[in-house]
Each structure stands twice: as C-alpha cells, then as structure tokens.
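Enquirer: Protein chains in written order, with the working numbering: chain V, 62 to 309; chain G, 26 to 273; chain U, 1144 to 1381.
FYI, nobody ran anything at the bench for these hints, they're computed from the structure.
There could be a bad hint or two in this list.
Rough simulated footprint, nothing fancy, chain G against chain V, three-plus residues with beta-carbon under 8 Å [what the hints assert, rightly or not]: (1) 149 to 161; (2) 172 to 179; (3) 195 to 206; (4) 251 to 260.
Quantities reported herein were computed from a predicted structural model and do not represent experimental measurements.
Glycine included, each C-beta is placed from N, C-alpha and C at the ideal position.
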Amino acid sequence: MKAENATPQVILKDVRKSYGQLEVLKGISMSVNRSEIVSIIGPSGSGKSTILRCINALAPVNAGSINVAGIEVNDPKLDERALRRRVGMVFQSYNLFPHRTVLQNIMMAPLQVLKQNRADVEQRARALLAKVRLSEKENAYPGELSGGQQQRVAIARSLCMNPEVMMFDEVTAALDPETVKEVLTTIRDVAAEGMTCILVTHEMRFAREISDTVYFTDQGRIVESNNPKDFFENPQDDRTKAFLDKVL
Amino acid sequence: MELIAQFFEELYHRTGWNFSVLYNAWEAKKYVNGIYIALELALWGLLGAMIIGALCCFLRLVRFAPLRWLVTAYIEFFRNTPGLAQLYFLFFGLGSYFQLSTYGQNGEPPFLSPFKFVVIGLSLQYGAFVAEILRAGIEAVPKTTKEAAEALGYGRWAALYHIVMPLAFRISLPALGNNMAQIVKSTAMAYAIAVPEALYVAHEIWTEHFNVIEMMNVVLLTYLGMMWIFTLIVRLIERWLHVPGMGR
Amino acid sequence: MTTIVSWFDPGSVWAILIPWFPLMLKGFGLNIAISALSMLIGIFAGAVLGALQMSKIKAIGAPARFLTLFLRNSPWLVIVFYVMFLMPFEMRIGSHWISFPDWVKAVVAFSLPVTGYISEIVRGGMRSVPTTQWEAAAALAFGPVRTAFSVILPQAFRQMLPPTMNLYCSVAMATSLANIVGVQEVITVTQTILTTETKPGLILPAYGTTLVLFFLYVFPISLLSRRLEKIWGKGIQR
C-alpha cells in the first residue's frame, strides 16, 4: 500500500489522445508517487503504450494534463530536454544505436545532450554496465549482442541520464524466453533502489511480484486499479476477470 | 616497358594488329594523360556531386516549403534528363549566352574551360542522384531509432547530426559506391565537347592509324580497369566503416 | 502552328524556333523507337543471360556472370562507338543484302548494356524470393518448371518491374549519346537547326527544349516506377 505522506511524482488528469479519427485514450487519470512501482496491463490496443508515450511527450495529448516532477507536459512552451532527462524510457525493440559501441551508446546522450563532463560520464557508464552485468561487453557493437543483452544496455543507457522516473514499454515482449529473466532481474534491481517505475508488461507474474499498484486498461480507459494481491486474487470488473482468465 | 613496346611493334609488323599506343612513346604519353584527365573528371565530379547532394538533402529537411520544392524540382529535372543534353545546354547554351565558354574579342581565353564544364555537368547530374540516395538512407533509419533519440532528449537537429546521419550514410554507402562507378563511365561524354580524355585521345589515334578495332579494345579495357579501381576503393571504404553486427 | 507562332513577335527566338518543333518531335520519335527496340531485345537476351547466371553448372554460370559484369561496367558511349565502327553497314544473308542504317546499329549498341542490367535484375528478382518458397512448392509436389512459373516468377515479377522501368528511363536518356555518332535523333536535329538558323540567341532555348522533351517523357515513367515500388514494397513481408 502507498504510504500516506508520499508525494505524487507523475500525475495524469483526464488525458485524451486521438490518432486521426481513432481515440486511443478516452480520459486517463492516474497518479504515481515517488519510488512507487506501477504496472499497466491490458489487452493489446488498449492504449497502454500510448500512456507512456504521452508522459514523455513523444505523443502530444489532445486534452487533459500531465505533470511530471513539476513539469507541465501539455505546456506549449515545454522544455522537452528538461522533461526527458527526468523520464527515462526503454522500448520493446531496444533501439540501441547500431553504429556505436555499448559504452558509447550509454555515454552519448549525457555528453551530447546534457553536455556533461566526459570523465564523470564515463565513470558512471562503467558503473551502470557493471550493474547490468555487461562490463566485459563495453566495446561490443549492439549487433553482436543477444536481445536480452541489448535490452540491458538500453536500460543502462536510460539510467545514465540520472532520470527520476523510468518507463518500460513491453521490454521483454521481443525477447527469447531464456533471456527474459535476465532483463527482469535488471528491472528488479532498478526498482529496489527506489526509482519510480512505470511498466507496461505482459509478464503477469512479474507485475504481481514487483508492483505497488496495478492498473488495468481496456479500450482507452482505466477499468480498475488496485494493489497486486487484491487485483489478481479478487478482480472487481468483469472485463478484468475475463482478461485475467485468458492470460493466467 | 621496353619489352612491351618491342613486343607490340613486332606484333604489328607480323600480324597487322596495330596497338600503336603501346609502342609509340608519344601516343602512349598522350593516352596516359587522357586516362589521367578522365580520372580527374571523375574525382572532381564526385566531390561536386557529394557536396551538392548533401546540401540538397539538408535543404529538403528545412521547414520552409518553397525552398524544398525548388530543391525537389532541381533533383527531378537532373535525374530525368540525359547528361549529354545537360552538358550541351550548359556548354553551348549557357556558356555562349553568358559568354563563359567563348573566346573574348581580343582572344582572351574563355572563363570556363570545357573540362570545368564537364565537372560542373557531372556534379549537377550526379548531385541530384546523391541527394536522392541520401534521402532514401535517412528514410531507411527506423522510426523507433529516431524515437529512442528523442526519448533521450535529443532535439531534431542534434538527433539528425549524431544519430540519423551517421546511420543513413552507412545505409547509403553501397548505392553511393554504385553512383561513383557511374560517374567514371559518364566521363566518356566529355568527348562530345573535345576534352582530351581517354576516348577522345583514342579517337585521335585511330583516325591517324586506322586501327579502330585495336584502339576500341584498349579503350574498353581502360574503362573496365578504372571501374575496377573505383569498385576496390568503395569496398575499402565499406570495410573501413563496417560496424560489426550491423545490417543483419 | 501558325497561330501559335503569331503569339510571338516576329523575329523573336520562339517565333523562329516553334516552326521547327515538328522536326524536333520527329527526331525525338527516333529516340523513343531506339530505346523501345533495344529494351525489347535486351529484355529477351537479358532474361536468358540471367537464367544462365543462376545455373549451378560452373562452366555456364561463371561466364554468364562475367559477361553480365562486363556489359554493365562498359560505358554506354564506348559501346556505341564499338558497334558503330565494327558492325558492317550491310550483311549478306543468303542471296539478300541487308543494310544496317545507323539507327539500327544504335539499337544493337544500346541493347548490349540493357542485356547486362536485365540479367542482373532477373538474378536479383529470383533471389529475392525466399528459398523456403521453393521448398514449400516442392512439398506440394510442384516440379521445378511449374514452381518457377506459378510460384517464384509471379513473386519475383513485382521485385523486377520497378528496376526494369528505371532501366528503361536510363536507356531513353542514353539514346541521346547516338548524337555523337551522327544518328538523326533529337539532339542531332537540334544541332542541324542551330547551324541552319545561325542565331546565337537560339542556342539556349533550343537545347532547353530538348531537355524538356526528355523530361516530359522520362519523368512520368520514373514516377510510376517509384509508385509501384512503394505499393508492392509494402505488401511483401521480408
């Protein structure tokens, strides 16, 4: 359960988002506290990934408001760089930059976007590589790594920006079953250090184990949210029940 | 060298096969100079084409629409008209209209030599192709890669410079190399405005000795040799820029 | 024609140039004829050469690949010279003498590089169909010929048509090279007009007109090819 004195760090209020005629989000409201781990689950096409993309302004919203660590995302004068250094995002398809080595991938954004000192960044990048257990691969190119290894590098790359919130968008969906575990372990480590995390995932067992709160979305709305124990053992809404019956 | 000359002179006396260029020192010197001019045309044309192509590619990304239309019009026009007709238009048409290719009243040499006209013609023609190749390369960079850059805080131009362009260049390299080989072939059209490149010199030689068949074969082998050298250079560049694991 | 000319001041460049347009169009007709015929010959010869390239027998495949490379890497202008000078202007077949005017030689010349490029397009097209398709067809008891015609070729066709159209654009443009050896195509006609009129002011608009003629003919084909590439590129998952 959430602590009473917790401060909300990500707040969505009645967020609406359409792609052309298609309304993908039909009024999403949620609030994520500092150090809270939130999972968003639901059938494909229910708008889960769109929520994450709206939070870091990859997809501009049509209505409603999003506030991330005091930054108003829907502000027309939004400083995107300031927002994105606070919010890290890891994608399903890893999206490492194939022409740079693992270490360079991690160091690029802090050096080129944040213009930080090279020595500091390098030290931090090495430490992060050690944390995702890939120190020996620092000079390899992404194309030489397995999917799971690439995804761990992608996580380290996001962390090197020192974000306050990490978002994981179905990060294990494209992986071989054997490598899913290593990535989940890495996410678990990140969460254990007090990072605020928002996950979109199909790994129900993992969502149950790691989350403080689970949200269920269907057809652009949040149908129900609860602590993982009650959510999985005692779902309230019929749609949640039907979905859980199918996937569990 | 002496031996080769002796062999071909002997060959002429015994069989009538007259490879005059291979034993007549003066003709050999002229022909080698022709090859040198052809290579020079190709290299300058290539340089000009790369500069024009990159510039056009850049201008097409600018938000000011009329500029984009203008660049697109240039690219389409030069891609879809014959190089020879372009050369005639430049040399005879513009050259005489603006008095760039004609001798002055007191016999001053023309402002631009035929050689320079060919370089300009090749640059304009192949610049249009390079622009199109680079654009295709930029389009081939996955959208998700650009998104990852955005999520790391890269702005539009920073992402273009640090991530999209380096990737696009590597993707375009085979097509660029192919283009390079085409330029070598196109230098032959310099013959039309009497630039003394290989074909022109060969023509001079065979009108003197009536050894058309021999000289045609020499010319053909010369161009195949030049193409071979250029292909090798492209391969070397490709190997030099190769990133392990990329493109598969 | 006379009405169009009357729009311009008598003595202005266009008033002089426009009456020549029918002749220029006739010249351009020869460009189109040469390109179409050499394309036709090149497609047939190239298909054969392309098939030979794919041969598993080394004594056939290797020379076919070499010939393809040779034809593709030779400058078109050099090939034109080669054919113009070395092909006889007439030939005896049986008791008949057949003469080859310059434009026929040009057709022969241009069909040579076309053969090389088509050969490569055919090989690329056949290769683009995954080998699993051959296996799948074999599993359905298709013979190799049936497989080629009802499974592989229909798929490869979509891969091959756009580059073939692009090649045609190149051939149509390359026919202008026949000017250098004196074939009466549009640029040669233009040059004749310019020497007849001897007005320096005419040079720029006259060459401009030939450029526009080529553009009006080639650009639509090139656009269509790009469209097809886009439409068909989407449908096939690789």
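Enquirer: If a hint holds in the structure, say so; if it doesn't, say that too.
Expert: Here's how the hints hold up against the structure:
| no. | hint | in the structure |
| --- | --- | --- |
| 1 | 149 to 161 | holds (count 9) |
| 2 | 172 to 179 | holds (count 3) |
| 3 | 195 to 206 | holds (count 6) |
| 4 | 251 to 260 | violated (count 0) |
Of the hints listed earlier, the one the structure fails to meet is number 4.
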